[in-house]
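S.K.: Take the sequences, apply the hints, and build the full model.
Okay, here's what each chain looks like letter by letter:
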Amino acid sequence: MSGALDAASWLLISAGGFFCVVGALGLLRMPDFYTRMHAASVTDTLGAGFMLAGLALQAGFTLVTAKLVLVGLLIFFASPTATHALAKAAMTRGLAPRLAGPRAEEEGPWKR
Amino acid sequence: MIYSVSAVGALFAFWLLLSGHYTPFLVAAGLGCAVAVVALARRMNVVDREGHPIHLGPRALFAYWPWLAREILKSGWDVTRIILDPRLPVSPTLVRLRPGQKTDVGLATHANSITLTPGTISIEVGKGEFLVHALTRAGAQGVESGEMDRRVSRFEAER
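Those sequence lines, one after another, are chains A and B. The first sequence begins at 0 in numbering that gives the first Met the number 0 and counts up by one. The second sequence begins at 0 in numbering that gives the first Met the number 0 and counts up by one.
Keep in mind that the hints are not guaranteed to be accurate.
[Unchecked claim] Coverage of chain B stretches by chain A, computed from C-beta distances (three or more under 8 Å per stretch; other residues unrestricted):
id, stretch
1, 15 to 29
2, 87 to 101
3, 121 to 135
[To be verified] Facing chain B, from chain A, some residues (calculated, C-beta under 7 Å):
id, residue
4, L24
5, G25
6, Y33
7, A38
8, S40
9, H83
10, K87
11, L98
Because the hints were derived from the structure by calculation, they are not lab data. In this text, a Cβ means the ideal position worked out from N, Cα and C, and glycines have one as well.
M.R.: Below, the structure written as structure tokens:
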């Protein structure tokens with residue numbers, strides 16, 4: 000039983016790590032400020048979510064798990080608010096997003 | 000009054016969860032703090048349906064959040080595939096949409112849900128209009144289809 004739990008928890012933590020790395024990679028690859036924020040939100044949601052779930056499996060039914068759930072709830076409510084504040088500040092400041100033309104798919108790769 | 004009682008209960012439970020020490024003094028101190036905080040909040044007039052929306056609890060937990068979690072998984076995977084694609088097939092798009100929610104809690108929930116799902120960010124949030132930045136044109140169409148709007152409206156609706 001604990002072997003299966005360990006395996007599931009390892010799987011979840013590895014998946015969380017994978018999505019954190021993907022978010023970081025996206026942060027580097029995306030062409031402008033707004034598109035980079037989309038990449039960062041992969042780390043926020045899937046990365047943090049899978050890792051917290053994996054850690055909760057390690058802790059079992061303890062106070063530690065309760066605290067992990069609270070951390071998850073905090074991220075769940077605070078991170079979109081912070082992201083929105085950031086995007087709104089950029090827009091108010093006059094940073095125009097790079098938008099796709101009518102046929103973006105044929106425009107080829109998006110270079111910075 | 001029911002909001003105050005429920006807020007004291009929630010704060011006390013929060014204290015017990017985070018403390019982990021159950022000596023009589025610390026438990027009494029926790030209860031005292033919870034009562035004091037709610038008393039202060041009542042003086043500030045923030046203990047009400049909006050500040051402590053207990054009426055939304057069950058629907059949030061059992062109907063809306065599971066659906067939102069699935070959406071986050073789906074769109075998170077889409078954004079992951081875009082990031083790992085060597086061609087980086089993004090088509091950033093701005094869309095305006097008219098949210099159908101009537102309460103501030105509903106509007107905030109809708110805007111937060113848009114931002115929480117990877118690939119879409121709410122940039123401006125007003126009573127009659129949201130400005131949303133989407134990573135791809137398909138994502139923008141997903142926002143425009145209004146499924147999230149309908150679900151949040153159902154979630155905020157009165158019983």
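S.K.: Hint by hint, note whether the structure agrees.
M.R.: Evaluation of the provided hints:
no. : hint       : in the structure
1   : 15 to 29   : holds (count 3)
2   : 87 to 101  : holds (count 7)
3   : 121 to 135 : holds (count 7)
4   : L24        : holds (6 Å)
5   : G25        : holds (4 Å)
6   : Y33        : holds (5 Å)
7   : A38        : holds (6 Å)
8   : S40        : holds (5 Å)
9   : H83        : holds (5 Å)
10  : K87        : holds (6 Å)
11  : L98        : holds (5 Å)
The structure is consistent with each of the numbered hints, conforming to all of them.
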